[in-house]
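Novice: Those protein sequences? They're chains F and C, same order as listed. Just so we're aligned: 77 in this note's numbering is position 77 of the first sequence, and the numbers increase by one with no gaps anywhere. Just so we're aligned: 80 in this note's numbering is position 80 of the second sequence, and the numbers increase by one with no gaps anywhere.
Where hints are given, some of them may not hold.
Below, a list of computed lysine to any residue pairs in the SDA-like style, where the Cα atoms sit at most 25 Å apart [what the hints assert, rightly or not]:
1. F:Lys53 with F:Gly71
2. F:Lys17 with C:Ala92
3. F:Lys53 with C:Ala61
4. C:Lys96 with F:Leu55
Label pairs and their in silico Cβ distance ranges [said to hold, decoys possible]:
5. C:Ala29 with F:Ser38: 43 to 53 Å
6. F:Arg87 with C:Gly14: 26 to 36 Å
7. C:Lys52 with F:His59: 33 to 43 Å
8. C:Glu80 with F:Ser49: 20 to 30 Å
9. C:Asp36 with F:Lys53: 40 to 50 Å
10. F:Gly58 with C:Gly31: 48 to 58 Å
11. F:His86 with C:Gln6: 30 to 40 Å
12. F:Arg22 with C:Arg66: 37 to 47 Å
13. F:Arg87 with C:Phe8: 20 to 30 Å
14. C:Lys52 with F:His86: 15 to 25 Å
15. F:His59 with C:Pro42: 36 to 46 Å
16. F:Ala91 with C:Asp25: 41 to 51 Å
Just a sample of chain F residues kept apart from chain C, beta carbon distances all over 10 Å, derived [to be verified]:
17. Ser49
18. Thr52
19. Leu67
20. Trp82
Think of the hints as simulated: they come from the structure by calculation, not from any bench. Glycine included, C-beta positions come from ideal geometry on N, C-alpha and C.
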Amino acid sequence: MTTSATATTPINGSVRKSIVVRTDVDRAFRLFTDGLDSWWPRSHHIGKSPMTKALIEGHAGGRCYSLQEDGTDCQWGSILVWEPPHRFVMAWQITHECGSAMRTAVDSPGGWETLLQLFAERVHAPEQQGR
Amino acid sequence: MLTYQQQFEALADGTRRAILAKLIDGPIAVGELASDFPISRPAISQHLRVLKDAGLVSDSASGNRRLYAIDMTGFNSLREYFDQFWDQALAAFKRKADEQEEAR
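Starting from the given sequences, assemble the full structure and let the hints guide the process.
Specialist: Here you go:
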C-alpha cells in the first residue's frame, strides 16, 4: 500500500508488476538477485559509461550497483530488507540520497511455479523531505 | 523531444527534488519558494529552469507574477518509462528462468 504523504497528491506514482515463472521459489529468488546480471536489460543504466555487470549484495544494508566499462561503479540503491527466498526491499537512489522504494515479493502459489511481485512506489513522485 | 536522461539528471539533485516536493502542494511563485530554501532566488530560478527544460515543471503568468507547478505530462511520461522498463525487465527475467529450467 502506498503510504500516506503521496495519497493526498494528484500523483499516482506506483508501478506494480507481477509475473509467474516456472521454477521454485529458491531458484527464482536466487536468479533475481545473485543472477541479476544474467537478465537485467543492458539498455538501462545510470552511469556515464556502458555497464558491464549488475550486482546485488545479499544482505540488509547491501548495495545494488553496476560496474561500468570505464572502471567506475555506480550505485543504484541499497537493500533495506533481505528475507530470502521470499522478500527483499530496496531503496533506489538517484544520488546518495534515497529516491523511491521497491518491494519484491517472491511466492509459491503452488507446485513449482513462483509468483514474483514487484511494487515500485513513488518512482516518479518527488521525495518528501524527512520521510 | 525530452529525454529520460535529462529527467533523471534533473531529479538527481536534492534541492530540485525538494522544490518538486513543495510544488506538489500547488503552484507557487519563485519568491515564495525562495523563502523556504537557504539559497538565493537566482539559484532557485536556475533550478526551476532545469526542471522546466526537463518537462517536470511548467510555469504560467498570474497577474504580474509567474507561478510554477508540477508538469503532470512530464511526470506521466516518466512513469510510463518505468512501467515499460519493468515489463521488459520481467520478461527478460522470465526468459532466463525458463532457460535455466530447460538446462536442468
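Novice: None of the hints should be skipped; say for each whether it holds.
Specialist: Hints versus structure:
no.	hint	verdict
1	F:Lys53 with F:Gly71	holds (11 Å)
2	F:Lys17 with C:Ala92	holds (14 Å)
3	F:Lys53 with C:Ala61	violated (48 Å)
4	C:Lys96 with F:Leu55	holds (16 Å)
5	C:Ala29 with F:Ser38: 43 to 53 Å	holds (51 Å)
6	F:Arg87 with C:Gly14: 26 to 36 Å	holds (29 Å)
7	C:Lys52 with F:His59: 33 to 43 Å	holds (41 Å)
8	C:Glu80 with F:Ser49: 20 to 30 Å	holds (26 Å)
9	C:Asp36 with F:Lys53: 40 to 50 Å	holds (42 Å)
10	F:Gly58 with C:Gly31: 48 to 58 Å	holds (49 Å)
11	F:His86 with C:Gln6: 30 to 40 Å	holds (38 Å)
12	F:Arg22 with C:Arg66: 37 to 47 Å	violated (56 Å)
13	F:Arg87 with C:Phe8: 20 to 30 Å	holds (27 Å)
14	C:Lys52 with F:His86: 15 to 25 Å	violated (43 Å)
15	F:His59 with C:Pro42: 36 to 46 Å	holds (45 Å)
16	F:Ala91 with C:Asp25: 41 to 51 Å	violated (24 Å)
17	Ser49	holds (14 Å)
18	Thr52	holds (17 Å)
19	Leu67	holds (19 Å)
20	Trp82	holds (19 Å)
Checked against the numbered hints listed earlier, the structure breaks hints 3, 12, 14 and 16; every other hint is satisfied.
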